[in-house]
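**Q** Residue strings, one per chain:
There are 2 protein chains.
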Amino acid sequence: MRSVGRDDYVPAYLSLISNALSWGGSRLFLRRFGVGINEWRVLSAIVNLPGSTASRIGEELGLNKSVVSRSLHLLHNRELVTVDATDGRRALSLTAAGHELHDQLMAVALKREELLLAGFSPQERAQLQGYLRRMHDNIPAMNAYDPGDP
Amino acid sequence: MRSVGRDDYVPAYLSLISNALSWGGSRLFLRRFGVGINEWRVLSAIVNLPGSTASRIGEELGLNKSVVSRSLHLLHNRELVTVDATDGRRALSLTAAGHELHDQLMAVALKREELLLAGFSPQERAQLQGYLRRMHDNIPAMNAYDPGDP
DNA sequence: CTGCTTCTGTTTCAAAACAAACTTTACGAA
DNA sequence: TTCGTAAAGTTTGTTTTGAAACAGAAGCAG
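Order-wise, the sequence lines are chains H and L. Here this note's numbering is used: the first residue of the first sequence is 1, the next is one more, and so on. Here this note's numbering is used: the first residue of the second sequence is 151, the next is one more, and so on.
You can trust all of the hints, since none of them are fake.
Computed far set for chain H versus chain L, every beta-carbon distance over 12 angstroms:
1) A54
2) S55
3) R56
4) R70
5) H73
Covered stretches of chain L, going by a simulated chain H footprint (3 or more residues, C-beta under 8 angstroms):
6) 166-175
7) 264-274
8) 281-288
Quick caveat, the hints were computed from the structure, so don't treat them as lab data. Quick caveat: nothing in here was measured; it's all calculated off a predicted structure. The beta carbon of each residue, even a glycine, is placed where N, CA and C say it ideally should be.
Using the sequences and the hints given, assemble the complete structure.
**A** Written out as structure tokens, the structure reads:
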């Protein structure tokens, strides 16, 4: 019997789009700004969650904590983030140079998003964002699923 | 001046969802079927594009050709795919065992998709698929973009 | 304070990914 | 056929990843 293939399988599309997105972003950001895609993501997470900790950022971005640790060291060495260690817990924030780089990167990132969503009306964009949020909310239940041994 | 963060940035959501998807899928498929996520993707691409070549599959999945090459060797060693080398060019297809494994994996994959889309009406699913297809079509233009040196 | 537990971040090490070099096969022209 | 060129696939060497081990500090009980 013939297996049935589906070309509208949602996870495959998501993986394809996401890979193309970070592949292209990596190359562009590295070439133009000397920053890897992980550093860019961490930078942007700090802006969205100012004063937060490294583990919070990893959780937010779905990145491994060793990746976050390494990215933070890089960003700190380039004096783009400050580690506000008044106590033991670390509160992260951007330096002036960090904000400047972030703004430059953000401009390019928004342009790329605009190209990705070319032809989408404002209503469609809002709908898409809603769908993405709902899928995101469904992830824990999905990953909790495990069929019995086959 | 303060940088502005956006929590509805589409690429970030896509990356987050896609990572969670393949992370969970990897663990589950490896544990239950002894197959890595790449092997599963290649298997499923062969079903969708029967008789195609390794490079065509890599292109379709957005995977590096060395990854495809290794996955194909693995699948071939386990006698899940046949390399129909009548001529030089390789036409790939699944063995009976390959189809059987594919069907089992597909059942789990569809269940996971169902959980991901829990709460989506049929209309919403169709809309989502349309949006994904349109984003996918926009990718070449997006990755062609390159701002002048800053 | 001392010892115990918990939480955060770092490092290590093995596995995986990527790019580039290399090999092989096909195709076209002379 | 025999070159020369192009395309497909494999291998190699380096970089990156991620899970687990580790180290350091904070909070808490006694």
